[in-house]
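Number of protein chains: 2
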Amino acid sequence: MRATRFFISTQKEAPSDAEIVSHQLMMRAGMIKRLGSGIYTYMPIGLRVIRKVEAIIREEMNKAGAIELLMPLVQPAELWQETGRWDKMGPELMRVKDRHGREYAIQPTSEEVITDVVRGEIKSYRQLPLNFYHIQTKFRDERRPRFGLMRGREFTMKDAYSFDRDLAGMQASYKVMFDAYSAIFTRFGLRFRAVAADNGAIGGTGSHEFHVIASTGEDALVYCPTSDFAANMEAAEAMPLAAARAPAGAALAKTATPGTTKCEQVAALLGLELSRTVKTIALTVEKEVDGKQVKENWMLLLRGDHELNEVKVAKVPGLATHRFATEAEILECYGTVPGYLGPIGTRAPVTVVADRTVANMADFVCGANDKDFHYTGANWGRDIAEPLVADLRNVVEGDASPDGKGVLAIERGIEVGHVFQLGTAYSAAMKATFLDENGKPAPLQMGCYGIGVTRILGAAIEQNFDDKGIIWPGAIAPFEVVLCPMNYDKIEMVRAETERMYGALQAAGVDVIVDDRGLRPGAMFADWELIGVPHRVVIGERGLKEGNLEYQGRRDTEATAVTPAAIVEFLQGKLSS
Amino acid sequence: MRATRFFISTQKEAPSDAEIVSHQLMMRAGMIKRLGSGIYTYMPIGLRVIRKVEAIIREEMNKAGAIELLMPLVQPAELWQETGRWDKMGPELMRVKDRHGREYAIQPTSEEVITDVVRGEIKSYRQLPLNFYHIQTKFRDERRPRFGLMRGREFTMKDAYSFDRDLAGMQASYKVMFDAYSAIFTRFGLRFRAVAADNGAIGGTGSHEFHVIASTGEDALVYCPTSDFAANMEAAEAMPLAAARAPAGAALAKTATPGTTKCEQVAALLGLELSRTVKTIALTVEKEVDGKQVKENWMLLLRGDHELNEVKVAKVPGLATHRFATEAEILECYGTVPGYLGPIGTRAPVTVVADRTVANMADFVCGANDKDFHYTGANWGRDIAEPLVADLRNVVEGDASPDGKGVLAIERGIEVGHVFQLGTAYSAAMKATFLDENGKPAPLQMGCYGIGVTRILGAAIEQNFDDKGIIWPGAIAPFEVVLCPMNYDKIEMVRAETERMYGALQAAGVDVIVDDRGLRPGAMFADWELIGVPHRVVIGERGLKEGNLEYQGRRDTEATAVTPAAIVEFLQGKLSS
Numbered sequence: 010m011r012a013t014r015f016f017i018s019t020q021k022e023a024p025s026d027a028e029i030v031s032h033q034l035m036m037r038a039g040m041i042k043r044l045g046s047g048i049y050t051y052m053p054i055g056l057r058v059i060r061k062v063e064a065i066i067r068e069e070m071n072k073a074g075a076i077e078l079l080m081p082l083v084q085p086a087e088l089w090q091e092t093g094r095w096d097k098m099g100p101e102l103m104r105v106k107d108r109h110g111r112e113y114a115i116q117p118t119s120e121e122v123i124t125d126v127v128r129g130e131i132k133s134y135r136q137l138p139l140n141f142y143h144i145q146t147k148f149r150d151e152r153r154p155r156f157g158l159m160r161g162r163e164f165t166m167k168d169a170y171s172f173d174r175d176l177a178g179m180q181a182s183y184k185v186m187f188d189a190y191s192a193i194f195t196r197f198g199l200r201f202r203a204v205a206a207d208n209g210a211i212g213g214t215g216s217h218e219f220h221v222i223a224s225t226g227e228d229a230l231v232y233c234p235t236s237d238f239a240a241n242m243e244a245a246e247a248m249p250l251a252a253a254r255a256p257a258g259a260a261l262a263k264t265a266t267p268g269t270t271k272c273e274q275v276a277a278l279l280g281l282e283l284s285r286t287v288k289t290i291a292l293t294v295e296k297e298v299d300g301k302q303v304k305e306n307w308m309l310l311l312r313g314d315h316e317l318n319e320v321k322v323a324k325v326p327g328l329a330t331h332r333f334a335t336e337a338e339i340l341e342c343y344g345t346v347p348g349y350l351g352p353i354g355t356r357a358p359v360t361v362v363a364d365r366t367v368a369n370m371a372d373f374v375c376g377a378n379d380k381d382f383h384y385t386g387a388n389w390g391r392d393i394a395e396p397l398v399a400d401l402r403n404v405v406e407g408d409a410s411p412d413g414k415g416v417l418a419i420e421r422g423i424e425v426g427h428v429f430q431l432g433t434a435y436s437a438a439m440k441a442t443f444l445d446e447n448g449k450p451a452p453l454q455m456g457c458y459g460i461g462v463t464r465i466l467g468a469a470i471e472q473n474f475d476d477k478g479i480i481w482p483g484a485i486a487p488f489e490v491v492l493c494p495m496n497y498d499k500i501e502m503v504r505a506e507t508e509r510m511y512g513a514l515q516a517a518g519v520d521v522i523v524d525d526r527g528l529r530p531g532a533m534f535a536d537w538e539l540i541g542v543p544h545r546v547v548i549g550e551r552g553l554k555e556g557n558l559e560y561q562g563r564r565d566t567e568a569t570a571v572t573p574a575a576i577v578e579f580l581q582g583k584l585s586s
Numbered sequence: 010m011r012a013t014r015f016f017i018s019t020q021k022e023a024p025s026d027a028e029i030v031s032h033q034l035m036m037r038a039g040m041i042k043r044l045g046s047g048i049y050t051y052m053p054i055g056l057r058v059i060r061k062v063e064a065i066i067r068e069e070m071n072k073a074g075a076i077e078l079l080m081p082l083v084q085p086a087e088l089w090q091e092t093g094r095w096d097k098m099g100p101e102l103m104r105v106k107d108r109h110g111r112e113y114a115i116q117p118t119s120e121e122v123i124t125d126v127v128r129g130e131i132k133s134y135r136q137l138p139l140n141f142y143h144i145q146t147k148f149r150d151e152r153r154p155r156f157g158l159m160r161g162r163e164f165t166m167k168d169a170y171s172f173d174r175d176l177a178g179m180q181a182s183y184k185v186m187f188d189a190y191s192a193i194f195t196r197f198g199l200r201f202r203a204v205a206a207d208n209g210a211i212g213g214t215g216s217h218e219f220h221v222i223a224s225t226g227e228d229a230l231v232y233c234p235t236s237d238f239a240a241n242m243e244a245a246e247a248m249p250l251a252a253a254r255a256p257a258g259a260a261l262a263k264t265a266t267p268g269t270t271k272c273e274q275v276a277a278l279l280g281l282e283l284s285r286t287v288k289t290i291a292l293t294v295e296k297e298v299d300g301k302q303v304k305e306n307w308m309l310l311l312r313g314d315h316e317l318n319e320v321k322v323a324k325v326p327g328l329a330t331h332r333f334a335t336e337a338e339i340l341e342c343y344g345t346v347p348g349y350l351g352p353i354g355t356r357a358p359v360t361v362v363a364d365r366t367v368a369n370m371a372d373f374v375c376g377a378n379d380k381d382f383h384y385t386g387a388n389w390g391r392d393i394a395e396p397l398v399a400d401l402r403n404v405v406e407g408d409a410s411p412d413g414k415g416v417l418a419i420e421r422g423i424e425v426g427h428v429f430q431l432g433t434a435y436s437a438a439m440k441a442t443f444l445d446e447n448g449k450p451a452p453l454q455m456g457c458y459g460i461g462v463t464r465i466l467g468a469a470i471e472q473n474f475d476d477k478g479i480i481w482p483g484a485i486a487p488f489e490v491v492l493c494p495m496n497y498d499k500i501e502m503v504r505a506e507t508e509r510m511y512g513a514l515q516a517a518g519v520d521v522i523v524d525d526r527g528l529r530p531g532a533m534f535a536d537w538e539l540i541g542v543p544h545r546v547v548i549g550e551r552g553l554k555e556g557n558l559e560y561q562g563r564r565d566t567e568a569t570a571v572t573p574a575a576i577v578e579f580l581q582g583k584l585s586s
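Same order as they appear, the protein sequences are chains A and B. Start counting the first sequence at 10; every next residue gets the next number (this note's numbering). Start counting the second sequence at 10; every next residue gets the next number (this note's numbering).
Same shape as in the complex, but just chain A:
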């Protein structure tokens, strides 16, 4: 490519609505242009990166035996009604009516359509397994689109769907996709981590997220450096910090703690470590019993320095549909205000659920259900009935790994892929069956597998940038090499050597752009550093007379002299490393 035949439009400043570095750099590099809230035109440089990302995904999906098709954007409401998602999905599902008043969804994913395709095509177990995928535009009407391509409304996604005859087959298909995803993210040249994920409301039997590691990531990834344990924060099991409970050593004492509604304040006032305190979270569960609406009081107990994990709470039997208690409910149940709640002496009956760590504590501090008072020296069995015990908290660095093979570390990530064992959730709802070996109809076992194509761009930049701009990994860079001739228009020697190299690199299959715009060096270099092309060769008259070109990798602090005769091989070496 020649820069004069391409469209390059860089900016010194990012627009004020660009809050994160990837959004700022993509706008400044001219990769994207905002059309509306969460809707972007992919400008020529941005589109080149997208196409490279798509090509790698496509190759690895094909290699893994998945078959590409293309499902429509505009999908009839009737299919979405079959699975109930037409009603279940909120306003993030973009809905549209045609001229005849018929309703359609603009697809955010395609489970319904692929299940409809397959139920029309698959008759027998002999046709299985099958895995279909497409790379398609998606729309999700986010309430608050932001962060450029990270949380846009219109975006590109690769979604694949596997169909198997039984659970073992589905798990095998899942494994193939898991491995394909690992291959894809490896080829992107990004540091990534696959973590076990919670299955969430969608149901199913297993799921993993693929995250690009970046300190700016929204998600916390939990892993054990000495084993292969890895999970996201929702799914990471927290072990009790003490293996067994110590015997009670102190007497229960009601202690004045005026104005201290937080564990940190109580610990400071009493001169104790925060890890000696226990905080109380009051919940209400409303349900129908024998046709009557009843309210239950529940209490969660967490160590003062721990954080509640709401996904785990929802899994406690009885708490699937809980909510936090209102101040009025708290007053009625505990006889006091928030900040002084505890398990000893509540006004109304409360079901107590202690986090595993709290269940093994002795001589702890908790609220006394009396304003400005806490108990010290509280002990299970003696002062309070034994509680229900559950894993309620987020893990923290240094916790024991649930596999018993080390301690946990935490890093930040950006979710860019998700593989999911769906089981028969969709096939049962849509009556997508096949005839098994005995000629009996059975529902298809499904898996679904997504990669956020356009999100990859943002995640790659969040992981790879400096104060000059983007630093693309070679495999997904808009160009692999940029040739920067000095006075291309004026000095024949420079022009001739640039053209020779350009031809030789193209012949070698290198994706190269020559900057023939005739800019001054400073402006030219700034453009390519901002755009993030990984390899740069400067062709200058003085250097040529000395028999040298100047090579500089995007992360290099200094240039390297390379002879014109050696430059193609030199660059091929850099590109393959």
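What the hints contain is simulated information worked out from the structure, not anything from laboratory work. Keep in mind the model is a prediction, meaning the values are calculated, not measured. Don't take every hint at face value.
No copy is singled out in the list; a pair is fine if it fits within one copy or between any two copies.
Said to hold, decoys possible - In the BS3-like style, the derived pairs of lysine-lysine whose C-alpha atoms are separated by at most 25 Å in a straight line are:
1) Lys72 x Lys61
2) Lys61 x Lys132
3) Lys21 x Lys132
4) Lys296 x Lys414
5) Lys440 x Lys42
6) Lys414 x Lys554
7) Lys449 x Lys132
8) Lys42 x Lys132
9) Lys42 x Lys106
10) Lys324 x Lys97
11) Lys106 x Lys304
12) Lys449 x Lys72
13) Lys449 x Lys380
14) Lys583 x Lys61
Since the structure of chain A is already known, use the hints to place chain B on it.
Frame of chain A, contents of chain B only:
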């Protein structure tokens, strides 16, 4: 590709709603699957053809200096309001509201968005010319979607937009695109014709349509075999059939023609040729004059054997907003009923417009404005005042070419591309200006250029099929070559030779599929003839023992014996021819 790793699902019968052969064959070959009215999933075989079509378009667009980007599907109403198209476009523009009630169009084309992109990026004439294109999903909410991919609602289009500083630049950009389109359709291997087109309501200064020639085409293409004149029926100028008017030879006579309301009936009754008759078409024009609504009576005169061309009528000065007269208006103006109207002796004043051919007729027959009577021997100047003269009719085969270089022929075509000189229609409405050499703002001169990507599939099939199925041109075939081994699973010799050929063809860059499904020959051959793969090689035990493979081109009536040693070179010869 191996058939067992691909998805092949052919059908004996097409669904009853498939009215035309391309729709029937695409459904039977398993290329597309209907999701809703005018909305199709592109199944794996169909998608392969689409990707090949897109790749050829992309290569030629890039070669022509156009730059690829990707504009969003969901486009804010505000931009469409700037050009007035939000209101002008009817229900075929699919409109959607987001969760905040903001309105958007699902794009049918992208003039507004590209003009918005460019007005934000282009400051100076130095940045021009520019040509941006994208290949993107489009939606048009057709009232009556039909014919499969020919008139779908969701479809894929390549649309390009050129921006120039002046008319000459725009015309040069237009020429480059015209030539690129010719290269694209040539590479597809389709017989096509570019014809001059009417500019229609969109305005602008020039336009051509590209048609795939097919006897089933909806459009009539007019061309001169001995010159380069070519136009569609709307734009093809009709010359007068006689160069000059003959002198009057007969007396005007009012003749009883009871019950003959059509020219054919009158000619038969009077024993005259149909070409001696003239038919009258009564029009009404309503307009405001000095704040008052007035009605004008107009009459069009056409030779009895000619067809009215309504696009030409609308171009007659004064007739831009005409309509056909109602029966009541006819009775009031002519004093008689339709079937007996004519230019002699109307009850009210009528502006008479004669087609060029009618204006040069003598001794003709026309209605007498009296039920059951016609005039014979009617003559201009003597019996009727000289009329206004205009080109009002469709040309017919054998008409003189407007360039004077031969006579016209007509063939049928399917429109698959359109190039259009837009001028400043969009840039002026959207204030997309640049600073010219004198530092003065001037509106950008635009052109737009479309290719119906998915429609190409239908058109190619309408041009290339037989009673067995589709016959793809090599360049856009889903596979170039199919290997059909007989008893692949059972006979090692067959399996080994098939694998050797498969490897050799892949290494030679041939797009080959091996049918390893183990089907019987009849079913296997029928599948590939239906799918339309252009080259087939049968590998059988008996042939191999005799040192032969059987090659058969999709259009060949018999197979050709080729030795295993020669087959790769033989196929390469076929593919490059």
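Do the hints match the structure? See the list:
no.	hint	verdict
1	Lys72 x Lys61	both (17 Å within a copy, 20 Å between copies)
2	Lys61 x Lys132	neither (37 Å within a copy, 31 Å between copies)
3	Lys21 x Lys132	between (59 Å within a copy, 16 Å between copies)
4	Lys296 x Lys414	neither (42 Å within a copy, 89 Å between copies)
5	Lys440 x Lys42	between (43 Å within a copy, 19 Å between copies)
6	Lys414 x Lys554	neither (62 Å within a copy, 63 Å between copies)
7	Lys449 x Lys132	within (11 Å within a copy, 69 Å between copies)
8	Lys42 x Lys132	between (47 Å within a copy, 16 Å between copies)
9	Lys42 x Lys106	between (28 Å within a copy, 22 Å between copies)
10	Lys324 x Lys97	within (20 Å within a copy, 55 Å between copies)
11	Lys106 x Lys304	neither (42 Å within a copy, 40 Å between copies)
12	Lys449 x Lys72	neither (32 Å within a copy, 57 Å between copies)
13	Lys449 x Lys380	neither (67 Å within a copy, 76 Å between copies)
14	Lys583 x Lys61	within (19 Å within a copy, 33 Å between copies)
Checked against the numbered hints above, the structure violates hints 2, 4, 6, 11, 12 and 13; every other hint is satisfied.
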